[in-house]
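Q: Sequence:
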Amino acid sequence: MMNYSNGSLEDMIATVEDKKVSRKNNRKNRIKRPMKKWYQLPYAGETERPKGIDPAAGSWPLYYIRRNRKGQFISSDGKLIKFDIENPDNIDFCKELALVKKTLRNVTKHQKVIADYWGDGPATKQWTPIIDRLVDTYNLSPAQSARVIAAVQAGINDAFVVTWYFKYLWEIPRPNQLDHNLLTVICTPKFPAYPSGHSVISGTAEVILSYFFPTEAEKLKELAEENSISRLYGGVHFLADINEGLRLGRQIGRIIVDILRGQFDSNGKLIYEPVLKPLHAELNPPPYEQVIPYTPRARLCDLPLLPE
0 MMNYSNGSLE DMIATVEDKK VSRKNNRKNR IKRPMKKWYQ LPYAGETERP
50 KGIDPAAGSW PLYYIRRNRK GQFISSDGKL IKFDIENPDN IDFCKELALV
100 KKTLRNVTKH QKVIADYWGD GPATKQWTPI IDRLVDTYNL SPAQSARVIA
150 AVQAGINDAF VVTWYFKYLW EIPRPNQLDH NLLTVICTPK FPAYPSGHSV
200 ISGTAEVILS YFFPTEAEKL KELAEENSIS RLYGGVHFLA DINEGLRLGR
250 QIGRIIVDIL RGQFDSNGKL IYEPVLKPLH AELNPPPYEQ VIPYTPRARL
300 CDLPLLPE
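Numbering that gives the first Met the number 0 numbers the first residue of the sequence shown as 0 and each following residue consecutively.
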């Protein structure tokens, strides 16, 4: 497991879980989320309110998860899905913002590298080469290669749709909308914070790929958690966005894996038999260089950033 100078992700999650238990035991101490929503607050260095990116993406078509006639998310057998994500009304965003500030005050050079790496491009940017490297390392057949790639990318699509549904349902502001003096490591995305899209799709990709390649599960877990925590290092997400996003993404991944486990060919054989022989695929990072050449954009924006 990777070590983080601000404490491990597990430690941070454990702390938040303790707080959840305390809140449930004492409802009088519940702290409400910010009164103003994301669309009501300009970003640091700006005067106009944000307009958003693909605000209707939460209604887009899905591949594994379905919707009923009411537009509710349902499983393949028609049951309503109760997504594993905390209502933001139960989150203390004053404390969340304080943690972001503390992280940025103490951010290390290596943490900046991590934030820049995972922050370049959309959240799929770094996972696509990971999928390809696993397919190549384990020498899958053409049909199996197509199946693995399609399963993971379709799962990521579903994860994004669910993420955007919740982002625009709750419209939680970004850290630098609550504090205009906040200098971030990377550019803050122009859509709501909660939950973190990087965290959701990382959790989903981790679980699906761990089903196909179980001997790589520990490395995939590390990558998913590093991708997630990079958003805190970058100063663009609260820890709650990350914790809840990763948990939600893993739930979506499990839903998809349950479907994959029930798919058989015309001979009654399971379509995909997980590879049990460890071949130790070399999965980036490290090194913290984009596998597919790319012009870095993480620090190219008109918002105030920390000096490099």
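Keep in mind the hints are simulated off the structure, nothing from the lab. A few of these clues could be false.
Here are the simulated DSS-like pairs of lysine-lysine, each with C-alpha atoms no more than 27 Å apart in a straight line [as the list claims (entries may be wrong)]:
no. : residue 1 : residue 2
1   : LYS100    : LYS189
2   : LYS108    : LYS50
3   : LYS189    : LYS50
4   : LYS36     : LYS81
5   : LYS50     : LYS36
6   : LYS124    : LYS108
7   : LYS220    : LYS111
8   : LYS35     : LYS124
9   : LYS124    : LYS111
10  : LYS108    : LYS36
11  : LYS189    : LYS36
12  : LYS108    : LYS35
Label-pair ranges, simulated between beta-carbon atoms [unchecked claim]:
no. : residue 1 : residue 2 : range
13  : GLU272    : GLU47     : 23 to 33 Å
14  : PRO277    : ASN105    : 14 to 24 Å
15  : LYS50     : HIS179    : 34 to 44 Å
Where a beta carbon is used, it is the ideal one built from N, C-alpha and C, also for glycine.
Q: Within a Cα-Cα threshold of 27 Å, do LYS108 and LYS35 meet the stated pairing?
A: 34 Å, violated
Q: Mind checking the alpha carbons of LYS124 and LYS108 for me, to see if they're no more than 27 Å apart?
A: Cα-Cα ~22 Å, so holds.
Q: Is 34 to 44 Å respected by the C-beta to C-beta distance linking LYS50 and HIS179?
A: For LYS50 and HIS179 the Cβ distance comes to about 19 Å; the hint is violated.
Q: Sort out whether LYS124 lies within 27 Å of LYS35, counting only the CA atoms.
A: At roughly 32 Å apart (the allowed maximum being 27 Å), LYS124 and LYS35 break the hint.
Q: Mind checking the alpha carbons of LYS108 and LYS36 for me, to see if they're no more than 27 Å apart?
A: 33 Å, violated
Q: Run the distance test for LYS189 versus LYS36: straight-line Cα separation, threshold 27 Å.
A: Holds: LYS189 and LYS36 sit about 13 Å apart, inside 27 Å.
Q: Run the distance test for LYS36 versus LYS81: straight-line Cα separation, threshold 27 Å.
A: Measuring from Cα to Cα gives roughly 24 Å; hence the hint holds.
Q: Compare the distance between the alpha carbons of LYS220 and LYS111 with 27 Å, and conclude whether the hinted pair is satisfied.
A: Answer holds: LYS220 to LYS111 is near 21 Å, not above 27 Å.
Q: Against the 27 Å threshold, does the CA-CA distance of LYS108 and LYS50 hold or violate the hint?
A: With a Cα-Cα distance of about 33 Å, the restraint between LYS108 and LYS50 is violated, given a limit of 27 Å.
Q: Between GLU272 and GLU47, is the Cβ distance one that fits in 23 to 33 Å?
A: 54 Å, violated
Q: For the pair we were handed, LYS100 and LYS189, check the Cα-Cα distance against 27 Å.
A: OK: LYS100 and LYS189 at ~20 Å, within 27 Å.
Q: When you check the alpha-carbon spacing of LYS124 and LYS111, does it fall within 27 Å?
A: 18 Å, holds
In summary, the structure is inconsistent with hints 2, 8, 10, 12, 13, 14, 15 from the numbered list given earlier, while agreeing with the others.
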